[in-house]
Amino acid sequence: MLHVQNLTASIGGTPILNGVDLEVGPGEVHAMMGPNGSGKSTFAHALAGRDSYEIGGTATLEGADLLTMEPEARAAAGVFIGFQYPVEIPGVNNMYFLRTALNSVRRARGETEIGARDFLAVAHEAMGLVEMNKDFLNRSVNAGFSGGEKKRNEILQMAVLEPRLAILDETDSGLDIDALQIIASGVNALRGPERSVIMITHYQRLLDYIRPDFVHVLVDGRIVESGDHALALHLEDHGYADFVNHDLDDTPELPLTGVAT
Amino acid sequence: MNGAVDPDRSQLGDPLAGVHLSTLVDARSEHPERLAPHLPPTTDDADAFLALNIAYGSDGAVIYVAGGHAVDAPIHVVHIALPDETHNVSCSGVVIRLDDGASATVVETSLGDGDHGGTNTRTTIALGEGSTLSHIVVQDVEPTQVHLGRIAVTQGSRSAFRSHWFNLGGTYGRLVCDVRLAGEEASADLSGLYFGRGSQTLDQQITVTHAAPNCTSRQRFRGVLDDQSTGVFNGGIDVRPGADGTDAQQSNDNLLLSDRAEANTQPRLEILADDVTCKHGATVGQLDDNALYYLRSRGIDEPAARRLLIHGFADEAVEAVDNEVLRAWITERLGHADA
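Quick note, the sequences are listed as chains Z and A, same order.
Quick note on our numbering: the first sequence kicks off at 1 and runs consecutively.
Quick note on our numbering: the second sequence kicks off at 1 and runs consecutively.
Calculated from the structure, these hints are not laboratory results.
Be careful, since some hints might not be right.
[Said to hold, decoys possible] Some chain Z residues close to chain A (C-beta under 8 Å, calculated; not the full set):
(1) Arg50
(2) Glu70
(3) Glu72
(4) Ala75
(5) Ala76
(6) Phe83
(7) Pro90
(8) Gly91
(9) Thr100
(10) Ser104
(11) Leu161
(12) Gly192
Everything numeric in this text was worked out from a predicted model, so none of it was measured.
Every residue gets a Cβ at the ideal spot worked out from N, C-alpha and C, and that includes glycine.
Please model the complete structure; the sequences and the hints are all you need to start from.
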């Protein structure tokens, strides 16, 4: 479904991604882990279409060449990015924003637009998923939201937009355990055979709640190791030291199954 | 229209309990004592624009609300400039007087048609003790015309003046407002929006004078400036000796949509009393790239995302208007969809 080959990204000549290869099949959940500055967020935004990078390589989603598309076209093609730092937009009503987004995507997909009343039903169902209060729809987008509310709003948007590929960038950062469980159960409810998920995270903790099919370790802009959940557990015990400045001959023996590189 | 009241299109007399509406010409002969304190100053202490208004604008509207009456329906004064052989600029005056404990909403709109001329208005407002006035000014003359507006407010104790400006039209749109908080615990809440395109210059000149103790004032103005337009905010807070317990705040935020647009913002604070809280802040910025990207990542195309952000910025000023019908009208004028 998603094919990423030799993806590179740099800012002002400084390389951040140095050739990432990744295959994500329908319905799969991949976790992307790695130390600070390894390029995890850049990977997410390179796929979502932030224009601050010089990009190389290829990335296709169901055959569509993502890297030549504007961010809004990628969204219509089925890409969703959950922001690590959701942007506050004072003065823009959350419900209006959600409906505008959904109808933009529906228009681009050749579907009919959804009216205000029908949308309310869609929104309420999505809100139930992440346990959001009703008043939340009448507030400005993310303005004055707590950290947990912002992250729940991301998952709510994902539920409304029904993407084919959701890239969740540190959706677990800054969450207490209750909020983490709400987010995780929201994401789990949205898992399905036609929806793939890439979860970017520092911590294994999230993966206890959202069990990944594959785990990748990103260091210095490259995937240096891939495995299953056991890899994440190894990282929890040993940190990234084994992989930073790694020499492939010294790579520890890991109980690997389903290597995806 | 063109400085004279059009009786056929106006509702004069006593349309509502406690409200008397008359023309400035009639009021001069009928109730000179009511009008005397509010007559415009002589040309000696007027600037050129006001001198022009006084010289050519003898007519206009007088709105009087008797003590204790609360008027729910908005009272609408429309200044219309239709330049012809004998009139270039429509000069007119409005006098609003609320006696003690009265409350009302007055809307003043300036409109025009034609390729020159414009409106020159002066509004004199006197608020009795404990009275409340919502004053909404919509300046929307033709892009080829000029609007010069001047508002002078004198407030009695515990009175509340809420003013909302929408300075939108004209090649040059100038709104001048002088508020004098003359009685204790009076409050003035001035807010507004200027939205410039093309080569418009939209100019706000404001002075709030705290002349009595424990008064509150707010100035919150936002500007959106596109193309080669210029916005000016010159906001003064003048705290006179003895006006202790003053609480005055001022903010001016500008959004520049083009490299050639310009915002000039100047706070003026003069404080001659003790125990005073004064705050002022000004910002000039552009559309937030992160916010644009965020909206686009949700499938909203770039032009729509820009519109959402611009209207989000402007909406704070629109939201300040209580009256739903007025809010919808202004929203439509600003070109929102159903935001």
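Hint check results:
Proximity of Z:Arg50 to chain A holds as hinted, the smallest CB-CB distance being about 6 Å (cut-off 8 Å). Satisfaction of the interface hint for Z:Glu70 is found here, the shortest Cβ-Cβ separation to chain A being roughly 7 Å, below the 8 Å cut-off. The beta carbon of Z:Glu72 comes within 5 Å of a beta carbon in chain A, closer than 8 Å, and the hint placing it at the interface holds. At a threshold of 8 Å, the smallest CB-CB gap from Z:Ala75 to chain A is about 4 Å, leaving the interface hint in force.
Given the 8 Å rule on beta carbons, the hint for Z:Ala76 holds: about 6 Å separates it from the nearest Cβ of chain A. Against a cut-off of 8 Å between C-beta atoms, the interface hint on Z:Phe83 holds, since the closest Cβ of chain A lies about 7 Å away. Among the interface hints, the one on Z:Pro90 holds; its C-beta lies about 6 Å from the nearest C-beta in chain A, closer than the 8 Å criterion. For Z:Gly91, the suggested interface contact is upheld, since its CB lies about 3 Å from the closest CB of chain A, less than 8 Å.
Below 8 Å, beta-carbon pairs count as interface contacts, and Z:Thr100 has one with chain A at about 6 Å; its hint therefore holds. Of the supplied interface hints, the one on Z:Ser104 holds, with its beta-carbon coming within about 4 Å of a beta-carbon of chain A, less than 8 Å. At a threshold of 8 Å, the smallest CB-CB gap from Z:Leu161 to chain A is about 7 Å, leaving the interface hint in force. The beta carbon of Z:Gly192 is not positioned within 8 Å of any beta carbon in chain A (closest approach about 20 Å), and the interface hint is therefore violated.
Taken one by one, the earlier hints fail for this structure only at number 12.
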